[in-house]
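So you can see what is in the structure, the chains are spelled out below.
There are 2 protein chains.
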Amino acid sequence: MHVQILIYDGFDELDAIGPYEILSGAGFRTELATLAPVGRITASHGAVLVPHATLAERPDLLVVPGGGWRTRNPVGTHGEYERGVIPAAIAQRHAAGSTVASVCTGAMLLAKAGILEGRPATTHHAALDDLRAHGADVHPEARVVDDGDVLTCGGVTSGLDLALHLVERHLGPDAARAGARLLEHERRGEVFEARAVR
Amino acid sequence: MHVQILIYDGFDELDAIGPYEILSGAGFRTELATLAPVGRITASHGAVLVPHATLAERPDLLVVPGGGWRTRNPVGTHGEYERGVIPAAIAQRHAAGSTVASVCTGAMLLAKAGILEGRPATTHHAALDDLRAHGADVHPEARVVDDGDVLTCGGVTSGLDLALHLVERHLGPDAARAGARLLEHERRGEVFEARAVR
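Residue numbers (the numbering used here), protein chains in the order written: chain W, 1 to 198; chain L, 1 to 198.
By construction, these hints were calculated from the structure, which means they are not laboratory data.
Every residue, glycine too, gets a C-beta built ideally from N, C-alpha and C.
Honestly, I wouldn't trust all of these hints.
Part of the chain L face toward chain W, derived, beta carbon under 8 angstroms [as the list claims (entries may be wrong)]: (1) Ile17; (2) Ser24; (3) Arg40; (4) Gly46; (5) Val50; (6) His124; (7) Ser158; (8) Leu183; (9) His185.
Example chain L residues on the side facing chain W (calculated, C-beta under 10 angstroms, incomplete) [unchecked claim]: (10) Glu31; (11) Val38; (12) Arg83; (13) Asp174; (14) Gly189.
Okay, chain W solo, but in the shape it has when bound (with noise of 0.2 angstroms):
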């Protein structure tokens, strides 16, 4: 499986690299990717990162983390939300087939790009109002919500809930055990299954 966790500068260090560990470690192969090409890109808390693509066509899964979004910084999912660029290339990955998952506020780029409307998700909880004015079917109740080819989670930490679900999904319960004990986590919180898991 490839998996690309796109970042941008403003994104949240945690959001991304949560998921980047575990996905990573369980096999797949992952990248965190830019969407066009650029030498480094400066998260939200200032951590500084060399990417290692850029994003494909079509890859299996896209992750899209948050970051910004509570400030309405310019840097960040605010200022990319506004900007319309990243939404339209998660709208086009969608439409090509890739599952899309997003991490706290990145939901308002997958909500920006049309994909969450009258469908289950979640997001940070200073975003939830957010999410809702865009006609998603908000479970502020869920930690991830899984609807099959669009899968959402709470803030930040949840992003590992939200991989080791992925790494359930696509491995199996040992896979996710194993991957929860090697980083010493215990997942936690409801996990909304919309439809069967493809």
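For chain W, the structure is supplied; the task is to place chain L on it using the hints.
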């Protein structure tokens, strides 16, 4: 407070980035630092980071991540343990007055530095016996061990609880609660406090 998180080739991404995000978000001046000047560091799962700084003579807090101990990877914690250059630098900073904290098997670099002998400590479950062999008073029941000027914690995600404990210690419980809430993280596990917090 000046915080430096020591990164080196093969460090575990989450060991470092979890505390980085929390300590930086709490308002501490927090840097990802290398021992010698270097352009890039490649972490154990392949993330590539550009360090912010080199290790200061006496940061207020030095955080040491693990990575690759279990597999005896020559690039990573085990390699640095064998080489001994990083352990010597840790010993120097501790002697100069820095508080030193490890995440996961970063504890083995503190052990090699000679600063855990006879002192309460913990590490990733796969390295508890190795830590015991260094004469540390191992507390496997604890997720975080606070021995004043030396702190240790369990595997990978326990770094989140270590960092929130440090926020609580320096800024108080409300700040730690706010940090956990922002990350949608539920603090868990025992904090073994060996002595009155300085």
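Task: Interface hint outcome for leucine 183 (chain L) [beta carbon to chain W under 8 angstroms] - done: At 4 angstroms from the nearest chain W Cβ, leucine 183 (chain L) passes the 8 angstroms test, so the hint holds.
Open item on the list: Take the shortest C-beta to C-beta distance between arginine 83 (chain L) and chain W; is it under 10 angstroms?
Closed with: Nearest chain W Cβ about 24 angstroms off; hint violated.
Open item on the list: Quick check on valine 38 (chain L) please, does its C-beta sit within 10 angstroms of some C-beta on chain W?
Closed with: violated (13 angstroms)
- [ ] Would you check whether glycine 46 (chain L) satisfies its interface hint, that is, whether its CB is within less than 8 angstroms of any CB in chain W?
- [x] holds (6 angstroms)
TODO: Have a go at the serine 158 (chain L) hint: is there a Cβ in chain W nearer than 8 angstroms to its own Cβ?
DONE: holds (6 angstroms)
Open item on the list: Please check whether valine 50 (chain L) passes as an interface residue: C-beta within 8 angstroms of a C-beta belonging to chain W.
Closed with: Holds. Min distance 4 angstroms.
Open item on the list: Quick check on the hint: histidine 185 (chain L) CB to chain W CB, less than 8 angstroms?
Closed with: Since chain W brings a Cβ to about 4 angstroms from histidine 185 (chain L), closer than 8 angstroms, the hint holds.
Task: Agreement of hint aspartate 174 (chain L) with chain W interface, Cβ distance less than 10 angstroms - done: At about 18 angstroms, which exceeds the 10 angstroms cut-off, the nearest Cβ of chain W leaves the hint on aspartate 174 (chain L) violated.
Task: Supplied contact hint for arginine 40 (chain L), tested at 8 angstroms Cβ to chain W - done: It holds, given that the least Cβ distance between arginine 40 (chain L) and chain W is near 6 angstroms, below 8 angstroms.
TODO: Answer holds if the nearest beta-carbon of chain W is closer than 8 angstroms to that of histidine 124 (chain L); otherwise answer violated.
DONE: Hint holds; histidine 124 (chain L) Cβ to chain W Cβ min 7 angstroms, cut 8 angstroms.
Open item on the list: Can you verify the interface hint for glutamate 31 (chain L): is its Cβ closer than 10 angstroms to any Cβ in chain W?
Closed with: Holds, because the Cβ-Cβ distance from glutamate 31 (chain L) to chain W comes to roughly 8 angstroms (cut-off 10 angstroms).
Task: Agreement of hint serine 24 (chain L) with chain W interface, Cβ distance less than 8 angstroms - done: It holds, given that the least Cβ distance between serine 24 (chain L) and chain W is near 4 angstroms, below 8 angstroms.
Going down the numbered hints, you'll see the structure goes against 11, 12, 13, while the others check out.
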